[in-house]
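Novice: Chains as they are written, first to last, in our numbering: chain A, 1 to 449; chain B, 1001 to 1211.
Rather than coming from a laboratory, the hints here were simulated on the basis of the structure.
Be aware that a few hints might be false.
Stated by the list, open to error - Derived DSS-like pairs: lysine-lysine, alpha-carbon spacing no greater than 30 angstroms straight-line: (1) B/Lys1063 x B/Lys1013; (2) A/Lys210 x B/Lys1005; (3) B/Lys1013 x A/Lys210; (4) B/Lys1063 x B/Lys1005.
Nothing here was measured: the structure is a model prediction, and the numbers come from that model.
Here are the chains, one letter per residue:
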Amino acid sequence: MSCCDEFSRATLFHRAASAGRGLPGIEPGMPEPAGTGLSRRTFLLRGAGVALSVYGASKLSLRALDEGVAQAAPPERVLVSLYLAGGADTISVLYPALDPAYARLRPTLAIPPAAGATFPDDPRMRWHPAAGSLATLYGEGKLAALPAVGYTNADQSHFTSRHYYEVGATDAHLRTGWLGRYLDLVGTPDNPLQGLSLDGALAPPLASAKAPVGALSSAGGYTFAAPGVGSTVAGRLQEALAPLGAAPATDATLAAARRVVAQVDSLRDSLVPFRSIASPVAYPDSRDAFPSRLAGLAALLGAGLPIRVVAMRAYGQYDTHSDQPEALASGLQLTADSLLAFQRDLEARGLADRVVTLVWSEFGRRARENASRGTDHGAAGVGFVVGNRVVGQVVGGFPSLADLDELGNLKPTADFRGVYAALLEQWLGFDAGGVIPDASSFARPALIR
Amino acid sequence: VENPKHPSFLVGKLWGSFVAVPPDASTERTLERIYVQSRYRIRPLLEAILRHPLLYEGPRLVKPPVVHTAGMLRALGTGLVNGEVWAGLGQAAGQRLFYPPDVGGWDDSRWLDTATFRGRWQLAAQVLTPLALSPGAPAADQPSDPGPLLDRALAFWGRPTVTPETAAALRGWAAAALADATTTAARRQVSVMVENALRQLVAVSPDYMTA
Chain A
1 MSCCDEFSRA
11 TLFHRAASAG
21 RGLPGIEPGM
31 PEPAGTGLSR
41 RTFLLRGAGV
51 ALSVYGASKL
61 SLRALDEGVA
71 QAAPPERVLV
81 SLYLAGGADT
91 ISVLYPALDP
101 AYARLRPTLA
111 IPPAAGATFP
121 DDPRMRWHPA
131 AGSLATLYGE
141 GKLAALPAVG
151 YTNADQSHFT
161 SRHYYEVGAT
171 DAHLRTGWLG
181 RYLDLVGTPD
191 NPLQGLSLDG
201 ALAPPLASAK
211 APVGALSSAG
221 GYTFAAPGVG
231 STVAGRLQEA
241 LAPLGAAPAT
251 DATLAAARRV
261 VAQVDSLRDS
271 LVPFRSIASP
281 VAYPDSRDAF
291 PSRLAGLAAL
301 LGAGLPIRVV
311 AMRAYGQYDT
321 HSDQPEALAS
331 GLQLTADSLL
341 AFQRDLEARG
351 LADRVVTLVW
361 SEFGRRAREN
371 ASRGTDHGAA
381 GVGFVVGNRV
391 VGQVVGGFPS
401 LADLDELGNL
411 KPTADFRGVY
421 AALLEQWLGF
431 DAGGVIPDAS
441 SFARPALIR
Chain B
1001 VENPKHPSFL
1011 VGKLWGSFVA
1021 VPPDASTERT
1031 LERIYVQSRY
1041 RIRPLLEAIL
1051 RHPLLYEGPR
1061 LVKPPVVHTA
1071 GMLRALGTGL
1081 VNGEVWAGLG
1091 QAAGQRLFYP
1101 PDVGGWDDSR
1111 WLDTATFRGR
1121 WQLAAQVLTP
1131 LALSPGAPAA
1141 DQPSDPGPLL
1151 DRALAFWGRP
1161 TVTPETAAAL
1171 RGWAAAALAD
1181 ATTTAARRQV
1191 SVMVENALRQ
1201 LVAVSPDYMT
1211 A
């Protein structure tokens, strides 16, 4: 499987090296991800507090953050954002097995009708063979399927379309994520766990203007070891972080670095009980961290930590320009199986009524396959909403293969901003008007019971 | 280079990579003139920036992870043994060279947060692993007091500047760790471990991560 240039650092590197004239322009006019609006200079000139308040630091002291986390009550409801990177092919995830146009548009990629589980509400449709766990969740009424979510005049750039989804608007200049703006309105100034990224760096949907949010590589892996220190000193090693973080500094950048070290110590203390996660259910066995991150998240929620919103990336590479069947099946299998395990974990912990997960991708694939056993960037894409309280039905309807747009792409049957507004209002109980620009113009699908 | 705004753009970009505050108008004009009169050569411009007092006296910058790592390797006179490992750790620290949206890495305002700090910690551990002192074989001149141990750890890194507050925090921590050893023999062993630990802590200290 190969993906396009935007997804291939190696391709860019080698092309630049061979051309000998510097790196190519990756994409003219591409938007910066939410949270990157502050350049390094701005970051320094405006003081560390502003930048670090976006990415997990704050102006508050370690003690204030400790108290903030300790005093924050676990929210009644938690929303998890899960990103399928690259633009997942919606008409493979839920495929119109009996539509003659499907076989015509996908002469080599069409999945045989008998390969996938029948979609109960529409006998023409099938679940991808690797998406059996999603079929299970749908059968239990715990999954809403969005087979053609998108927006009009879809941008087919990974950067731009992903940015739109991350900020909750078709605005290339917006610098805060939609979940970050939500936290700005309902969050507290001293709880960096209220918005948690599990991908090792801040996820742009969580980028806020003032509410501190945390970024964590995994709930169970936040440890600090050093070579040649032995068990005796290793046990004390992390005690050095608190005094390093608490020492005074007059230089703004040094003070900011100290605050981060202090927050590392604070976060590490919060997560100590989760180093060896004992999940009540079995997660898929994988070398990838995705299943264990979900297991860790369930443990964090089970421990009552004050987490409101979470953002992370799913397993898999969905930018399937070539050899799509193998790549899609691999990503979809582990992602779907892990999601089912996560749901079972939440149920076992008594948390299933408190957590809803939104699965999204920046666009779908073109209806007609290309000459490389793959598909190119399209428009409407696939989405899911998973949880006990979800209305388990199809949202927006299946896209028509007989009514493609002028580029041969699927037309959306649900707008992603309407989905966000519905989750904000129906799940989080918050007026979407303050979070989603022009929210009143988007119809809200019924997502939550 | 034909664009009339090219010299000012380049000067601003290059200056911002080294100095945390913008140049005053006079400095900016001087730098642009150096660049243009040198027939658009980078080296004279870079030399002028590197000689400017603000580089040394101005506010600090957060070191990008690549610069942080290069500094460690340069101080030790070692090279990259395994580029693949480095690339993975660099990503954990928040920087993937040549990865969009800019060729310098992902986002230079995100160099430090609770996740990327751990990446820097791992980078330092990776650099230090082959050079770790053996606690089982302390050298004859192995010190066992916090002050000399910190001094040796700083010397190991080529004596980077650390603030008195950071030095005091590290000495205090070392004293507490050494106190765990109750016999002379144990203290000799633990002192080696503490020295290894101080190397690690210096490399991820707020002072070393900024410059």
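Novice: Next step is simple, just say for each hint if it's right about the structure.
Specialist: Outcome of the hint check:
In summary, the hint linking lysine 1063 of chain B to lysine 1013 of chain B is supported, as the alpha carbons are separated by about 16 angstroms, within the 30 angstroms threshold. For the hint pairing lysine 210 of chain A with lysine 1005 of chain B, the CA-to-CA distance comes to about 35 angstroms; that exceeds 30 angstroms, so the pair is violated. Taken as a hint, the lysine 1013 of chain B and lysine 210 of chain A pair is honoured in the structure, with Cα atoms around 28 angstroms apart against an allowance of 30 angstroms. As the CA atoms of lysine 1063 of chain B and lysine 1005 of chain B are separated by approximately 28 angstroms, the hinted pair is consistent with the 30 angstroms bound.
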